[in-house]
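> Model the full structure from these sequences, guided by the hints.
Respectively, the protein sequence lines represent chains A and B. First residue of the first sequence: 1, per UniProt numbering; consecutive thereafter. First residue of the second sequence: 1, per UniProt numbering; consecutive thereafter.
Everything labelled a hint here was simulated from the structure, so no lab data went into it. What you are looking at is a predicted structure, and each value in this text was computed from that prediction instead of being measured. Wrong hints could be hidden among the right ones.
The calculated lysine-lysine pairs, modelled on DSS-like cross-linking and capped at a C-alpha distance of 30 Å, are [said to hold, decoys possible]:
hint: 1; chain 1: A; residue 1: 224; chain 2: B; residue 2: 292
hint: 2; chain 1: B; residue 1: 267; chain 2: B; residue 2: 89
hint: 3; chain 1: B; residue 1: 267; chain 2: A; residue 2: 37
hint: 4; chain 1: A; residue 1: 37; chain 2: A; residue 2: 224
hint: 5; chain 1: B; residue 1: 267; chain 2: B; residue 2: 292
hint: 6; chain 1: B; residue 1: 267; chain 2: A; residue 2: 224
hint: 7; chain 1: B; residue 1: 89; chain 2: B; residue 2: 292
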Amino acid sequence: MRSRRYTLIGLVLTALMLFPVYWMLNVSLTPQQDMRKSPPDLFPLHPTFEGYRSVLDDQLPYLGTSLLIGLGTVALTLVLAAPAGYSLAKLRPRGGGALGLALLIAQMVPGIVMAMGFYGIFLDLGLLNSWWGLIIADSTIAVPFGVMIFTAFMSGIPGELIAASRIDGAGTFRTFWSIVLPVSRNALVTVSLFSFLWAWSDFVFANTLDGGGDLRPITLGIYKYIGNNNQEWNAIMATAVVASIPAAVLLVLAQRYVAAGVTAGAVKD
Amino acid sequence: MTLARVDRPRRRTPAVAEVSGSGRPAAQRRLRRRSRLTALAFVAPLIAYLAAFYLYPLYRNLDLSLRDYTVRSFVAGDAPFSGWDNFQKVLDDPTFGPALRHTMVFTFVSIAFQYVIGLALAVFFNRHFRLSAVLRALFLIPWLLPLIVSASTWSWMFNSESGVVNYFLHFFGVDPVGWLTSPDWALPSVIIANIWIGIPFNLVILYSGLQNIPAELYEAASLDGASAWQVFRRITFPLLRPVSAITLLLGLVYTLKVFDLIWIMTKGGPGDSSSTLATWSYQLGFGTLLPKFGPGAAVGNLLILIALVFGLLYIRVQRRQEA
Chain A
1 MRSRRYTLIG
11 LVLTALMLFP
21 VYWMLNVSLT
31 PQQDMRKSPP
41 DLFPLHPTFE
51 GYRSVLDDQL
61 PYLGTSLLIG
71 LGTVALTLVL
81 AAPAGYSLAK
91 LRPRGGGALG
101 LALLIAQMVP
111 GIVMAMGFYG
121 IFLDLGLLNS
131 WWGLIIADST
141 IAVPFGVMIF
151 TAFMSGIPGE
161 LIAASRIDGA
171 GTFRTFWSIV
181 LPVSRNALVT
191 VSLFSFLWAW
201 SDFVFANTLD
211 GGGDLRPITL
221 GIYKYIGNNN
231 QEWNAIMATA
241 VVASIPAAVL
251 LVLAQRYVAA
261 GVTAGAVKD
Chain B
1 MTLARVDRPR
11 RRTPAVAEVS
21 GSGRPAAQRR
31 LRRRSRLTAL
41 AFVAPLIAYL
51 AAFYLYPLYR
61 NLDLSLRDYT
71 VRSFVAGDAP
81 FSGWDNFQKV
91 LDDPTFGPAL
101 RHTMVFTFVS
111 IAFQYVIGLA
121 LAVFFNRHFR
131 LSAVLRALFL
141 IPWLLPLIVS
151 ASTWSWMFNS
161 ESGVVNYFLH
171 FFGVDPVGWL
181 TSPDWALPSV
191 IIANIWIGIP
201 FNLVILYSGL
211 QNIPAELYEA
221 ASLDGASAWQ
231 VFRRITFPLL
241 RPVSAITLLL
251 GLVYTLKVFD
261 LIWIMTKGGP
271 GDSSSTLATW
281 SYQLGFGTLL
291 PKFGPGAAVG
301 NLLILIALVF
311 GLLYIRVQRR
321 QEA
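Rendered as structure tokens:
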């Protein structure tokens with residue numbers, strides 16, 4: 001009986017919290033002529049898909065670019081962070097403590113400062129407006145986080161497992177590849193998930209480093225859309241809905257990894 | 001968006017060489033050196049990466065802030081060294097005071113509400129009821145959405161003529177508010193949106209902190225007939241203190257950096273009414289047709305300095321907890 005009351009309160013709280021998300025969906029389905037209506041329709045009474053049609057017409061290439069940049073960032077982050085995490089957790093290189101501190105501090109640097117530094121460098125190298133320049137810039141958000149997740153996770157792998165692999169004659173790299181990586185699946189999923197989401201949502205780097213290229217990510221697609229066109233809010237919100245799909249899919253598929261990623265290491269275990 | 005703990009207790013398994021002492025020292029030394037090189041080889045790419053894509057951009061930014069740049073000299077790369085001029089210019093600028101004040105207000109008000117609401121929700125979800133896990137997962141959505149999505153949604157909700165927020169207020173007899181267009185309301189508007197985005201993070205961390213409080217304590221309290229408020233004040237809150245400290249400090253470090261949300265919703269305006277150090281720095285560097293890279297970089301470096309102060313505090317608190 002009591003539990004049912006809590007469920008009810010919980011439902012109300014969740015509905016309140018998710019109202020903006022609902023509103024985004026509602027507006028995306030509202031016909032253009034009803035957009036300025038007062039009072040606004042609280043439900044999509046006359047749903048229209050015109051907003052979504054313009055997404056398909058205008059924004060599809062941006063979505064492709066974001067996917068490319070997201071996957072590229074995941075690959076780069078894993079390649080750098082997994083071996084480094086293993087080394088910090090198990091091989092204990094000289095200066096490992098200092099490196100850990102550097103990674104903590106790296107996460108405190110504001111993105112806007114990094115963007116300004118990158119802008120100068122990319123200008124010199126002619127990398128502005130390139131998708132792989134964005135992959136490099138976006139990876140700076142995920143790499144320190146990735147190393148820390150891998151280090152924390154791999155410290156928990158029993159030393160016996162690694163010693164056994166050594167006795168069987170495997171070298172350090174072989175041990176890492178065929179023993180450590182497979183048991184670190186959870187950490188791999190968590191790091192991939194977050195690096196993808198961050199690269200997908202990046203706005204600062206995209207807006208400073210990729211203003212005029214052919215391959216622009218979806219965040220810029222929406223931003224330019226708002227700038228050029230602040231009338232068709234159904235199309236803007238339809239784009240926003242589509243841009244949120246990866247987050248929604250990942251939340252459904254990998255819910256426990258999301259929670260793990262948020263809490264990992266931030267709290268003493 | 002979390003910081004993981006890197007330092008684990010250094011309980012080394014003593015290497016064979018260290019234990020046996022005698023034997024064949026030359027061979028053992030060679031072996032030890034090889035394993036040290038392997039350890040280094042596994043972190044070498046990371047070190048190279050950090051040098052190229054963290055240290056070098058930061059150095060470039062520092063260099064920018066110490067030179068007198070124009071668009072032309074920025075491309076040509078021959079700007080004259082000007083020492084602390086840019087910093088002086090920035091500190092004398094009439095925008096500096098408001099931007100610093102807005103940064104502080106934005107950060108502290110956001111964090112206070114995120115924390116209190118997050119904690120209340122964490123305590124609520126800590127009870128067992130049907131759908132509790134599903135609803136808790138749904139609460140993560142605002143945090144996972146791309147910022148441009150949340151920012152544009154809130155912009156439209158806050159629209160003064162057709163926004164749904166003003167529509168709801170009208171039920172309570174409140175006159176329409178020019179949320180994003182009035183200098184008095186622009187900062188509160190972006191703070192409200194930012195609180196909404198930050199609640200999930202606080203909820204998840206505090207919830208996991210609650211899970212670690214032993215159930216026996218609550219059983220004992222309920223045997224003693226303690227009220228819900230007493231339980232919270234005497235057990236939950238004090239035992240959660242370390243987790244709370246970490247949550248608040250992490251929030252501080254991250255909220256100081258917030259840029260996208262404010263930029264997309266108000267561009268720091270109207271006037272300077274919602275500009276923070278982050279948006280101001282961007283405004284100087286990229287926001288106009290005549291970029292002022294030097295002063296922009298100077299503001300960015302000041303922001304790093306502030307973030308570092310709180311960052312080091314975070315590291316201290318975390319270290320102390322581990323000890």
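> Now tell me, hint by hint, if it's right for this structure.
Right, here's what the structure says about each hint:
1. A:224 <-> B:292: 23 Å, holds
2. B:267 <-> B:89: Satisfied, since the Cα-Cα distance of roughly 22 Å is no more than 30 Å.
3. B:267 <-> A:37: 27 Å, holds
4. A:37 <-> A:224: 25 Å, holds
5. B:267 <-> B:292: 17 Å, holds
6. B:267 <-> A:224: With Cα atoms ~14 Å apart, residue 267 of chain B and residue 224 of chain A stay inside 30 Å; holds.
7. B:89 <-> B:292: 11 Å, holds
When the structure is compared with the earlier hints, no violation turns up for any of them.
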